[in-house]
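Protein chains: 2
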Amino acid sequence: MPIQEKTRARDTCWLPEEGQGHRAEKVHISVVGNGFRLDTIKKVAQTYLPRIFADVDIVDAEFANVIVGTFADLGRSERVGHQEGYRIFADGSQLIIAGDTEFGVLYGFYEFLKKSQQGCPLLTMEAEDQPAMEVRMINHWDNLDGSVERGYAGKSLFFDNNAWAASDEEIVQYAEMLSSIGINALTINNVNVHAKETELITEKWLPQLAKVANLFDAYHITLFLSANFASPMTLGHLQTADPLDKRVVHWWKTQVEEIYKYIPTFGGFVIKADSEHRPGPFTYGRTHAQGANMLADALKPYGGVVFWRCFVYDCLQDWRDRSTDRAKAAYEHFAPLDGTFADNVILQIKNGPMDFQVREPVSPLFGALTQTNYVMELQITQEYTGQQIDVCYLPMQWQEIWSFDTHANGEGTKIADLLSSRQQDGKGKGVTAVSNIGNNQNWTGHPFAQANLYGYGQLAWNPEQCPRKIAEEWAKRTYAHLSAEVRQTICSILKRSWSVYEAYTAPLGVGWMVNTGHHYGPNVNGYEYSPWGTYHFSDRSGLGVDRTKTGSNYISQYKQPVAELYGNVATCPDELLLFFHHVPYTHMLKSGKTVIQHIYDAHFEGVEEVEAFLEAWEGQKEAMPDSLYMHVKERFEAQLANAREWRDQVNTYYYRMSGINDERGRTIYK
Amino acid sequence: MPIQEKTRARDTCWLPEEGQGHRAEKVHISVVGNGFRLDTIKKVAQTYLPRIFADVDIVDAEFANVIVGTFADLGRSERVGHQEGYRIFADGSQLIIAGDTEFGVLYGFYEFLKKSQQGCPLLTMEAEDQPAMEVRMINHWDNLDGSVERGYAGKSLFFDNNAWAASDEEIVQYAEMLSSIGINALTINNVNVHAKETELITEKWLPQLAKVANLFDAYHITLFLSANFASPMTLGHLQTADPLDKRVVHWWKTQVEEIYKYIPTFGGFVIKADSEHRPGPFTYGRTHAQGANMLADALKPYGGVVFWRCFVYDCLQDWRDRSTDRAKAAYEHFAPLDGTFADNVILQIKNGPMDFQVREPVSPLFGALTQTNYVMELQITQEYTGQQIDVCYLPMQWQEIWSFDTHANGEGTKIADLLSSRQQDGKGKGVTAVSNIGNNQNWTGHPFAQANLYGYGQLAWNPEQCPRKIAEEWAKRTYAHLSAEVRQTICSILKRSWSVYEAYTAPLGVGWMVNTGHHYGPNVNGYEYSPWGTYHFSDRSGLGVDRTKTGSNYISQYKQPVAELYGNVATCPDELLLFFHHVPYTHMLKSGKTVIQHIYDAHFEGVEEVEAFLEAWEGQKEAMPDSLYMHVKERFEAQLANAREWRDQVNTYYYRMSGINDERGRTIYK
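As you go down the protein sequences, you meet chains G and X in turn. The opening position of the first sequence corresponds to residue 1 in the UniProt record's numbering, with each subsequent residue numbered one higher. The opening position of the second sequence corresponds to residue 1 in the UniProt record's numbering, with each subsequent residue numbered one higher.
Careful: at least some of the hints might be erroneous.
Note that identical chains are pooled: a pair holds if it fits in a single copy or bridges any two copies.
Below, in silico cross-link-like pairs of lysine-lysine (DSS-like), each with a Cα-Cα straight-line distance of 27 Å or less [to be verified]:
no.	residue 1	residue 2
1	Lys350	Lys204
2	Lys328	Lys670
3	Lys155	Lys196
4	Lys328	Lys427
5	Lys328	Lys621
No lab work stands behind these hints: they were computed from the structure. Fair warning: this is a prediction, and the values are worked out from it, not measured in the lab.
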């Protein structure tokens, strides 16, 4: 093949790679002042700038054409007014990259790197920016044995065989990737904290984690840990983990003191409590607030924070019980507790009321909390959205979620506004998301899944960005060495991929028609008679979940006019119809199709789209390295097989149920 | 509690236990002659007789009131005419237990033990018997790591952590149990022979297995091993396992020679080939006969035998493909090969064409083979029949299977006749069955599951026995220390249990409505869209599999008039209707009920029966030790929960499908 293959041990993703072609301009750069992250900038500059520019040198300020530093260190009076904000501008023959703090300078430098990668002439560069979200976090669900819960990119980056597995170089490369897209916090272990993982907060692990925390901190990324609420019992040999028990309180204070002795920059805990069999305050008749506040108290002297997950529901529901609705659980558990949480508790609320389905309404908890800090939890890893075999570009979904108008403070209270605290006294602190990273050479299994991580960072920084533009930017940076036509092919696929995935899987927002356990591939009845609260109630007449007043009345958790919009079958959007209503197969959608015909059409069209993806990819074979071509081709073939299985199982199931033929006479197996 | 608890490390099951109460008669026994199994008889006598009789002594013949030996050694002219047969009779003041060989004497002694246990006065004992089946085998599906495939009684009796785990005492006790019910052969490892298990036929294991083989041989039980067809590749580092390749042939001859050097009594191999991803001759374009005969050739000089399993089908079937029918597979693979197998090959054919469902027709391969040796394979372990949580007394099923008239040689060619070679030139050699034994204290998880092992041995010896009588005998021997009322309660439950299990699970012979993988509990669609060839094709109008001429024409594999009987919806027995026919929910059964009403009734009644089991058991609480009461009670409670889940899932599924109400208005969840 004429085109050079990537040679580094691991992909650089969107960051510049070796030998991607040099720009003629010289970059003589000076980083002014002293600081931990300023040192980082020098290192990043030395690593990446020579991959872009032929002539790169670190020089004294007087010889530099690029000057980097805080406004103060540069002796300038400008300010951005935000500690993570920056400005890039030309001043005579020099390009200035400056911020109020070294954090801002770091982000400014990454912006400079991005513009450099894209060929922008130095002195024309101009930018002023600051992040919309305060918290821009990543949650790894990695276990100490090296497995990753819901991981589809190999094993853990961090752990293997109950020991630390990552080299410093790997951590640095990962930190570079994360900070280059604005991520400023992460957890490295699974929210389901098992026996071995419980020990992470002890001296057994803290010396190692101190090193790791420091490596990340150099990139302005704060290390958090997922902790086991029952740690006082598991580690401290107490008979209780009651948050009001003095011995328990004391145990946590002592343990937190120990953590900060090793890791002064430690961020705090992420806690999954009283959820899916994890221990929590309920065991002792205490509230979530009592549980969270006890931990927050222990962390407060050090500036630490508790992220307390709201993914709490009855996972031993009886499918016969039509009065319980899992969708209502998070709101019912947490809305009444609003105002009772400590200042350094942040509730972590999943985007939807169920669990990262391809389509869900936005959780009504957003907008309901007015006196409690919170973040939104998203899932970058594609648990229910193709598992990094099927391509599914999720920023399309996130952007739609963040555009949702909660009407919390009247019309125009969008999720993005709430999370970025643009509302007065807003308590939204930002976002966190489950990582899609593993130890695969390309980090994410499917190389296109890198775009989900990239897009997450970009949107968390600025939710007003168009996800289509982000995809283009990602492709331009990641596949700089390939032709514009290849990139266009990739982007065209990415942009359609979420809709396509939705089309060939569970219809009209109903969700959960997946195989149990691993959650890949179709199983229409897989969760229908389960204890998980996940039903579609299909019968010979119709399907869908009545969550209106005649059903579970989940809709009442929304503000008006949202509740009315969803609650009325005439106004409920088609794509969420079956989430909110049980309707006959012959119900006419706003699209002008019946529900059953929509099911057939979407499933046939979804498969056709995947066929088109594969065909488009095959058309670019000659324009890319064999390894990339084959790797992605194999995944498209697997996706196509999956899409066909979805199409045929869902269509057959509903044909057998409804007895209604496809009006276009396509093949449905009887 | 007033009643003494069993105290031995492991239950004695139906063999006499310590302190069960002594009979007044003296037993002064003399074992005449020398022989390996005569020594065994002495040991068995010393172990068990003192538990029955207060006054037991081993004496010289002249002082004995019980004389044991071969007719020849006893200087008598009688003969049974069968090497495993025996006679028990009084001769003056002496009771004679004699056989043509020491094997027969051993079985005679067990009969004497049984009669002694049941209180029969010595000199009134009279019996003459011989086994109907030549092969009366047990197949363990034990793995070297200690797991048992489809095991529900703890871990393996034999292996743990890739080492031998059983003490000699345990093997002896197990051998006593098996030989006491006439078992004369066993395998100790899983038919799915994985990497570690492949090594069992090598010097690494043979010294240990030689000891084990000897322990079993003392009880006239021949040791076989499940072997990996690809052993020449795994162990011999050949590039092929082609049965016609000279190196492969040589490798097996050498390996078999090695085995017999250590174990002169070795029985041979059980082979699962070209089945569910196991290697086999198909890889090399060879037939099953070529594969089996190659192994048989290697074993022949030593008198060894190959059991070659006929459980061969396409386990990667496309559910969309209505032309393939898994039920047809065994016949299609093996019937055309009749006459091409070596004399020391025995085909091992599962009782039904699918896989150990609670109800299946008998495999049409029985009766189709006239020049090939075969045995029937049953499953004592309750994979699809309640997993030793739900009680399911399987001899009821087996007796029905064995009573089936194949019409192979005209009317009256029952399975029992074929297997016991009562037909002229018959090639049926007997039975084998998957073990339900594990390392639990009571051997079988549910104590009542002991009755399945007991009944298996009894029926293999004499298929004319009534399984109800066998249950009574088992209860009388096993629960000798309890009241007749308790035993009656147990027997009444056992006798109904198979019908009850059938009632609350998949209806009318259709099968496969189970959870995938582990096979416990309901999942109506669990296997409906799977690659396993296991479908019920339910739609809004009806259900069942058309295996008649208008469908897969599986029925044509049966002899007439069986094919006609099954093929005609008017004559097909209700209990197999959905196995052979796709019918509307409103189809009228011979019982006078519609199919849908039968589904509802059977499921409601099945649960009511389990409720009655539990109630009957609770009624006997005071009459038994707490440990037994609680152990069985907990299982009945679990069974009841399982039965209710089956009832409600199946009823709801078919209500949603059919829209037809229960005519008795009972609760069906909508």
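| field | Contradicted hints - numbers only | value | 1 and 5
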